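Trainee: Here the structure of chain A is known, so what remains is to put chain B in place on it, guided by the hints.
Going line by line, the protein sequences match chains A and B. Mapping the first sequence onto our numbering, position 680 (from 1) lands on 680, and the numbers just tick up by one. Mapping the second sequence onto our numbering, position 720 (from 1) lands on 720, and the numbers just tick up by one.
Source of the hints: derived by calculation from the structure; they are not laboratory data. It cannot be assumed that every hint is accurate.
Said to hold, decoys possible - Under the rule of at most 25 Å between Cα atoms (straight-line distance), these lysine-lysine pairs were calculated in the DSS-like manner: (1) Lys-758/A - Lys-426/A; (2) Lys-387/B - Lys-416/B; (3) Lys-11/A - Lys-59/A; (4) Lys-416/A - Lys-387/A; (5) Lys-416/B - Lys-391/B; (6) Lys-261/B - Lys-21/A; (7) Lys-426/B - Lys-757/B; (8) Lys-288/A - Lys-758/A; (9) Lys-73/B - Lys-261/B; (10) Lys-11/A - Lys-11/B; (11) Lys-539/B - Lys-539/A; (12) Lys-288/A - Lys-261/A; (13) Lys-203/A - Lys-261/A; (14) Lys-21/A - Lys-11/A; (15) Lys-391/B - Lys-295/B; (16) Lys-261/A - Lys-21/B; (17) Lys-21/B - Lys-11/B; (18) Lys-203/B - Lys-21/A; (19) Lys-73/B - Lys-21/B; (20) Lys-203/A - Lys-758/B; (21) Lys-203/A - Lys-11/B.
Quantities reported herein were computed from a predicted structural model and do not represent experimental measurements.
Protein chains: 2
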Amino acid sequence: MKTTPFNYIGKPHLRIDGVAKVTGDAQYTDDIHLPGTLVGKMLRSPHAHALIRNIDVSKALALPGVKAIVLGKDAPILFGILPRAEDENALAIDKVRYVGEPVAGVAAFDERTALEALKLIEVEYELLPAILDPHEALTREDVKIHHFSEVANIERRATLEFGNVDEGFAAADYIREDTFYKGAITHAPIETHVALANYRDGKMTLWTTTQVPHYVHKALSRVLEMPMDRIRVIKPTLGGGFGGKGEPFSFEFVACLLSRKCGRPVKIVHTREEVFMTHRGRHPMHMKLRTGVKKDGTITALEFHNLLDGGSYGSYGLVTLYYSGQLLTLPYILPAYRFDGVRVFTNKPACGALRGHGGVGPRFAFEVHLDRIAADLGLDPLEIRQKNSLKANTMTLNDLRITSCGFEECLEKAGKAIGWEEKRGKLPRGRGVGLAGGGYVSGANNAIYFNPMPHSSVNISVDRGGGVTVFCGASDIGQGSDTMLALVAGEILGISPALIRVISADTDTTPVDLGSYSSRVTFMAGNACRTAALAVREKIGSVVAAQLGVPKESVVIADGIVSGQGYAGMSFTFAQAVVLAESQGMALYASGGYTPPKLGGKYRGAGVGPSPAYSFGAHAAEVQVDEETGIVTVLRLVAAHDLGRTLNPLAAEGQVEGAVANGLGEVLMESHTNTGSGQHSCPSLLEYKIPTMLDLPDIEPILVESFDPEGPFGAKECGEGSLGPSIPAVVNAIYDAVGIWLHDAPITPEAVLAALKKERMR
Amino acid sequence: MKTTPFNYIGKPHLRIDGVAKVTGDAQYTDDIHLPGTLVGKMLRSPHAHALIRNIDVSKALALPGVKAIVLGKDAPILFGILPRAEDENALAIDKVRYVGEPVAGVAAFDERTALEALKLIEVEYELLPAILDPHEALTREDVKIHHFSEVANIERRATLEFGNVDEGFAAADYIREDTFYKGAITHAPIETHVALANYRDGKMTLWTTTQVPHYVHKALSRVLEMPMDRIRVIKPTLGGGFGGKGEPFSFEFVACLLSRKCGRPVKIVHTREEVFMTHRGRHPMHMKLRTGVKKDGTITALEFHNLLDGGSYGSYGLVTLYYSGQLLTLPYILPAYRFDGVRVFTNKPACGALRGHGGVGPRFAFEVHLDRIAADLGLDPLEIRQKNSLKANTMTLNDLRITSCGFEECLEKAGKAIGWEEKRGKLPRGRGVGLAGGGYVSGANNAIYFNPMPHSSVNISVDRGGGVTVFCGASDIGQGSDTMLALVAGEILGISPALIRVISADTDTTPVDLGSYSSRVTFMAGNACRTAALAVREKIGSVVAAQLGVPKESVVIADGIVSGQGYAGMSFTFAQAVVLAESQGMALYASGGYTPPKLGGKYRGAGVGPSPAYSFGAHAAEVQVDEETGIVTVLRLVAAHDLGRTLNPLAAEGQVEGAVANGLGEVLMESHTNTGSGQHSCPSLLEYKIPTMLDLPDIEPILVESFDPEGPFGAKECGEGSLGPSIPAVVNAIYDAVGIWLHDAPITPEAVLAALKKERMR
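Next up, chain A with everything else stripped away, as it sits in the complex (with noise of 0.2 Å):
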């Protein structure tokens, strides 16, 4: 890491909130008690499929302490995250296509009465066949999961081809193809999805657990059928987000509903098997990767086949299947690329956005793949990655525009610290290292609703006592980014960042960030936050050079003091500074934005490729194969991630160290399925497994810089690249250890029986 000029970017941190948080301050949406609050429940539908003939909601409704009901005929308006995929009722009219979708919503003075009114309420269903497995679902016309589906149950087939894929493969030396199964993960955070609704006066306001408060903002304004300016939308502290919180749902319209309906608060908390059900989680994708390389490993041609299993409605999955085609490319020059992509819909809970979005199987299938084509070519896999590696200042064939790029950086350290030359294949048999590299998003150049407006924006006020306040709407989930926002202000304006407030994610006090999905926040909103910050301080610079009469560019602010540099002994403090300000008739503030660069390009003629800016990574795993158990234990997990610019070690080391912990959970624990009737498999923390610290190797953070040229201050994103080479790093360490390759994935003990017992009868 370079030394850097900075006082307070580059150096650790602790989070802003992080005293609120362990004292109990800190006000989750639960933690909100408003005089009079109702108790909201939701009832769910116990079948996979049917037609809801009647609801017959008479005894719920005479049941003493039953304050008010809402059927989907209350809110017919459809939604969606996606402005092309609005595919959703408040509550379910006419059908049902998942076990557990709400039909019915319920305000009552307590939680028991609410639950015996659900039991109340009668539904008459028709039942209808369910479609559960993908593959049906691309054929069976007979069965419609939506009517709009031209092609029996497909929501959506994307293709894309650059180069010529065909010549690609006629230059190849080699050329292989392989299937690929990624399953199904849920994001699981700790605290469950809640809402409180209060309607009065004819403005309502929401208190949610959301990661997307402008766009939640943007669908209570369609579905309420009430203009945007009389709903207020308030994230307080959240629990953990993942992309489990990423777009408006139904509880949250639920909620509105009922509190208009009755004219008193109304809150709703879900219990974990509702969150479950509630899900959005990974896409299960079946892959068909086929690559042609030369002999030395240089890749001349790739084809990537993806079915995507959808679940029931559209969430974010046009993003997810464009993503898994766009993103695969990441990190390695691809002279041609061919991608054919299908979303299907099924009769399971939709899935959506999680961490590492759209790339991780993708990721998965081909870092595996990449493995096989070097041990088939007995070429070395960090070898075939280097050969392959993008550049930065570059463009891929897809359009993604590289500016930084440490990929390289990555894979040398990742390797030099696993071990890679004295480990790879000299290990005893059940010890084994395994690599692989990735890359992600910095944000999206395009918002989910096409429009020319920032993507973030950021006021800071300034108290003349010196006081600085952060406006910001971007919503922190538990990554940090208010804490972000803080060091960058506080860089800026020279106050330790500890010191600076941040208000945000409040659709009433807060300018539009569009939230926290697509690993956008740090970059976005750094970059509208640096921009004010700059503001302020242009403000301040030129009262203080007037009164100290130095020249304005000589004006420094650094640990509270605003000085002129080079003029000894002339200096204010920075309240002294603001307090020159503010007497030139108003209180000191500023405002900033961001809008991702518009250069134009090929790719859907909205920016160069889908962000201003891609991470990088590289993993590498050491993990020991029990042969007897088929138990794989992660020993180590070495995780270097190319970030742009380190503002904040203490948390960019806990990100990268959550997405390991987050993959490393994925490819040996983790898998949400459902039963055979639709039913969630196991839809508790009990049965649904997701890795304790102590299941978890030491997981090596390793910080590569690469300095954005747009990043703010050069930095890129952390949190959600950093996730997807977890996987098949485990998956081709495992290869190092046993010899077998796995390619469906969680990788069970059972899996790698069968795998190792198919490999001795070969």
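Mentor: Here is chain B on its own, set in the frame of chain A:
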């Protein structure tokens, strides 16, 4: 009232916080709950004057459940609302000066434990003679309440002289001298004083029932010895101030000190008795007036002596003293004026600011005095006032710059409404009418600490959904300042005020407004808000004009529609226009500030007179006097008030009605007195009588508009100046009813009977 081109100004608007208040959504300070909050209580002196020889807290600290005890020595820095009168400690150190003065603070798990701990604190007092009478305070050199008093117990003497007073008296045809006494009243807000302090991570947050968050912010910084940027002061919804929450108080510091000491949130809720002890109510005034007039009633000279009983500390007293001298001259033309005022310390709770601050006592005295002169000369009290009335666009001899003045119109309308011509001197014995005039400031030209910064700043942020949020430090204390801000912003932005959000009185999120005192908020925050809203409108106008291709001057906003006036069919909704503006690269935002004019002037050089604008008023009362019981019943009270422009008639009439109710309580019921030992005579709302709705007559507000050139839309103050004239109007009506003059307020039935008896004996 003129017809105006306004959409919202001048029409009745419900308060924007009204629904929250009636539903219980509104969060008062005591409604805020933090986990682990301790109960804070204060030990108070039982003595009016005593030295503290020793305080032993060992037994109290040993009580299980007691978490912290603080004493005066823990915060030895003096504070006080006025920088020239910082004479208080958070807790008494060496000496107590009134019954109820806090000497120790305790934080404990629950109230019972805290109260038990108070009993276990052993304070060794050495009693000193208590001075309870202000005349005694003037001369007792042997007993010094404060060591810094140079003469006896005088805090300050103020003398003013304008014109040639001796010549004025020499030119008079008639000279009259009277003495008056106006007793103390207290504020009696329904919400008692409450503070919740939370010291975390080196930062202090204080939620408190304050009218002046900014001054509390400054005082906390000083006394806690913490920089302002580590302190946040928030005023939640507030249940009435009336001046009684207008300065930093002991309990605010003590809550903070306790929280800092034990690292947990601490809440102090005053009992009603403690509110009486905290006091800061109306100064008792012993007044002597001497006036020279021509035969026709034209005033030639006025001399005014005022002895103010300040109680034990400075508080706002120097302002009270100054206002009592300066504001007496409103609303009359005085060719020569001399004021000699003294504020003394006594061993009673400090007096401070109360609605009509400084003006009420002198107003009572002068208006009755003027009626006596009229009676002596056989003049009509209405006519003598008309003859001497101030005019607009003049400068008074004591340097008050009168911009607008509707006093003559007030006199005329009040007289007409009460039936002056038909009733004065013509009603049956026992019934009579009386009349009085008045005037008041619209905010102070000087901040309480001298500085060149704006007295009020407003930031306006606009969400891309069209939602408008006004940020302002102004403290809504029930008077409706938040609604005023919404109305001003709504008028300029063409949006219903009911849809405007106001975030106020939070030092972290809102720019400084100096607070709710001296009737400054509508004038100053209103002007700041107007400026900010005009800047927002300007930005919208520019982008809309460019987009529509129409001249910028043609762009108008009304009812949520932005259009080119005269360009048919060319319009956007407000939200669409905001999107256009935000598409320029950052969220729509603007700021505005208000600084009073600095026009030089003879007095203090810091402005022209105390205020940028003055309200005027005339009240007329009709009373019934029961000569058997001495009970005076006010039958009607007509209050004509020149408020410049009526922004919101509902609010303005409410303010006038409330002020009159306050005045009627003050003239007939309320009396805040102490026993011979300095104990409160009636420290409960059972004993301290304030008028209920049933005690009040028909109050008839008449809003007179003089369109002040510098007020927001022409508005001036409304809620304080409309108190003063009620008192003398009633007293003068009693004379008309039964022929007695009463010089001491409140007017008790006993005093009426005594005067009647004296009158009969004459």
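Trainee: Are the hints correct? Go through all of them and say.
Mentor: Hints, one by one, checked against the model:
1. The suggested pairing of Lys-758/A with Lys-426/A holds, with an alpha-carbon distance near 23 Å, which does not exceed 25 Å.
2. About 17 Å separates the Cα atoms of Lys-387/B and Lys-416/B, which keeps this hinted pair within 25 Å; it holds.
3. Annotation: proposed proximity of Lys-11/A to Lys-59/A is violated, straight-line Cα distance about 62 Å (limit 25 Å).
4. Restraint check for Lys-416/A and Lys-387/A: the C-alpha separation of about 17 Å stays at or below 25 Å, so the hint holds.
5. For the given pair, Lys-416/B sits about 20 Å from Lys-391/B by alpha-carbon distance, which is consistent with the 25 Å threshold.
6. Proximity of Lys-261/B to Lys-21/A is assessed by CA-CA distance (about 20 Å); at most 25 Å being required, the pair is judged to hold.
7. Straight-line distance between C-alpha atoms of Lys-426/B and Lys-757/B comes to about 23 Å, which keeps the hinted pair within the 25 Å bound.
8. For a cut-off of 25 Å, the pair hint linking Lys-288/A to Lys-758/A stands: about 22 Å separates their Cα positions.
9. Restraint check for Lys-73/B and Lys-261/B: the C-alpha separation of about 13 Å stays at or below 25 Å, so the hint holds.
10. For the hint linking Lys-11/A to Lys-11/B, the alpha-carbon distance of about 57 Å lies beyond 25 Å, and the restraint is violated.
11. The hinted pair formed by Lys-539/B and Lys-539/A meets the criterion: a straight-line CA distance of about 20 Å does not exceed 25 Å.
12. Distance restraint check for Lys-288/A and Lys-261/A: the Cα-Cα separation of roughly 51 Å exceeds the 25 Å cut-off, and the hinted pair is therefore not satisfied.
13. As the CA atoms of Lys-203/A and Lys-261/A are separated by approximately 13 Å, the hinted pair is consistent with the 25 Å bound.
14. Between Lys-21/A and Lys-11/A the alpha-carbon distance is near 22 Å, which keeps this suggested pair within the 25 Å criterion.
15. The hinted pair formed by Lys-391/B and Lys-295/B meets the criterion: a straight-line CA distance of about 22 Å does not exceed 25 Å.
16. Between the alpha carbons of Lys-261/A and Lys-21/B the distance comes to roughly 20 Å, so the proposed pair stays at or under 25 Å and holds.
17. In summary, the hint linking Lys-21/B to Lys-11/B is supported, as the alpha carbons are separated by about 22 Å, within the 25 Å threshold.
18. This hinted pair checks out: Lys-203/B and Lys-21/A have alpha carbons roughly 15 Å apart, not beyond 25 Å.
19. Distance check on the hinted pair: Lys-73/B and Lys-21/B sit about 41 Å apart at the alpha-carbon level, beyond 25 Å; violated.
20. Proposed proximity of Lys-203/A and Lys-758/B is contradicted: the alpha carbons are some 64 Å apart, above 25 Å.
21. For the proposed pair Lys-203/A and Lys-11/B, the alpha carbon gap of about 21 Å is at most 25 Å, so the pair holds.
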